[in-house]
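Trainee: Sequence:
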Amino acid sequence: MKFSIAIAAGLAGSFFVAQAASAAGGFEDQMGRCLQQFANTRDAAQVMLECNAVDGKLSDCKVVDNSAGGKGFDKAAMCIAEKLPMGAKTGTVKVPFRFPGGA
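With our numbering applied, the sequence shown corresponds to residues -8 to 94, in that order.
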């Protein structure tokens, strides 16, 4: 199964990740597992997280907006954030997720 998700992180701009399920144990695999476990990929949703960025990783994330409450996209976003690469970013960042649906 293929998944598409657009993710932007704070002032870092945005990037696009498509067709999850390639490198074992990597970010794309984590994204695919999170979507399959928590959300219906046929539905569309937007979720905004606010997290602390430290040492290239996100922690202490909380959901600040969820367009599809009760459909599991908030849990999928939190799960994906555990592996989201942040580079040298530090401090509080907002991380918007767009789940386009239709998969």
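By construction, these hints were calculated from the structure, which means they are not laboratory data. Take the hints with a grain of salt, since some may be wrong.
Stated by the list, open to error - Subject to a maximum C-alpha distance of 25 Å in a straight line, what follows is the list of computed BS3-like cross-link-like pairs (lysine-lysine): (1) Lys53 / Lys80; (2) Lys62 / Lys80; (3) Lys66 / Lys85; (4) Lys66 / Lys80; (5) Lys74 / Lys62; (6) Lys53 / Lys74; (7) Lys48 / Lys80; (8) Lys66 / Lys48; (9) Lys66 / Lys53; (10) Lys48 / Lys74; (11) Lys62 / Lys85; (12) Lys48 / Lys85; (13) Lys85 / Lys53.
Unchecked claim - Here are the computed distance ranges between Cβ atoms for each label pair: (14) Asp46 / Gly93: 31 to 39 Å; (15) Gly47 / Gly93: 27 to 35 Å; (16) Gly78 / Arg33: 15 to 23 Å; (17) Lys66 / Asn43: 25 to 33 Å; (18) Ala79 / Lys53: 32 to 40 Å; (19) Gly61 / Thr81: 30 to 38 Å; (20) Gly92 / Val45: 19 to 27 Å; (21) Arg24 / Ser50: 14 to 22 Å; (22) Arg33 / Ala79: 14 to 22 Å.
In this text, a Cβ means the ideal position worked out from N, Cα and C, and glycines have one as well.
Trainee: Does each hint hold? Answer for all of them.
Mentor: Okay, the hints, checked on the actual structure:
no.: 1; hint: Lys53 / Lys80; result: 18 Å, holds
no.: 2; hint: Lys62 / Lys80; result: 30 Å, violated
no.: 3; hint: Lys66 / Lys85; result: 16 Å, holds
no.: 4; hint: Lys66 / Lys80; result: 23 Å, holds
no.: 5; hint: Lys74 / Lys62; result: 21 Å, holds
no.: 6; hint: Lys53 / Lys74; result: 15 Å, holds
no.: 7; hint: Lys48 / Lys80; result: 9 Å, holds
no.: 8; hint: Lys66 / Lys48; result: 18 Å, holds
no.: 9; hint: Lys66 / Lys53; result: 10 Å, holds
no.: 10; hint: Lys48 / Lys74; result: 7 Å, holds
no.: 11; hint: Lys62 / Lys85; result: 21 Å, holds
no.: 12; hint: Lys48 / Lys85; result: 13 Å, holds
no.: 13; hint: Lys85 / Lys53; result: 10 Å, holds
no.: 14; hint: Asp46 / Gly93: 31 to 39 Å; result: 36 Å, holds
no.: 15; hint: Gly47 / Gly93: 27 to 35 Å; result: 32 Å, holds
no.: 16; hint: Gly78 / Arg33: 15 to 23 Å; result: 32 Å, violated
no.: 17; hint: Lys66 / Asn43: 25 to 33 Å; result: 19 Å, violated
no.: 18; hint: Ala79 / Lys53: 32 to 40 Å; result: 23 Å, violated
no.: 19; hint: Gly61 / Thr81: 30 to 38 Å; result: 33 Å, holds
no.: 20; hint: Gly92 / Val45: 19 to 27 Å; result: 32 Å, violated
no.: 21; hint: Arg24 / Ser50: 14 to 22 Å; result: 20 Å, holds
no.: 22; hint: Arg33 / Ala79: 14 to 22 Å; result: 37 Å, violated
Of the numbered hints stated above, those contradicted by the structure are hints 2, 16, 17, 18, 20 and 22, listed in ascending order.
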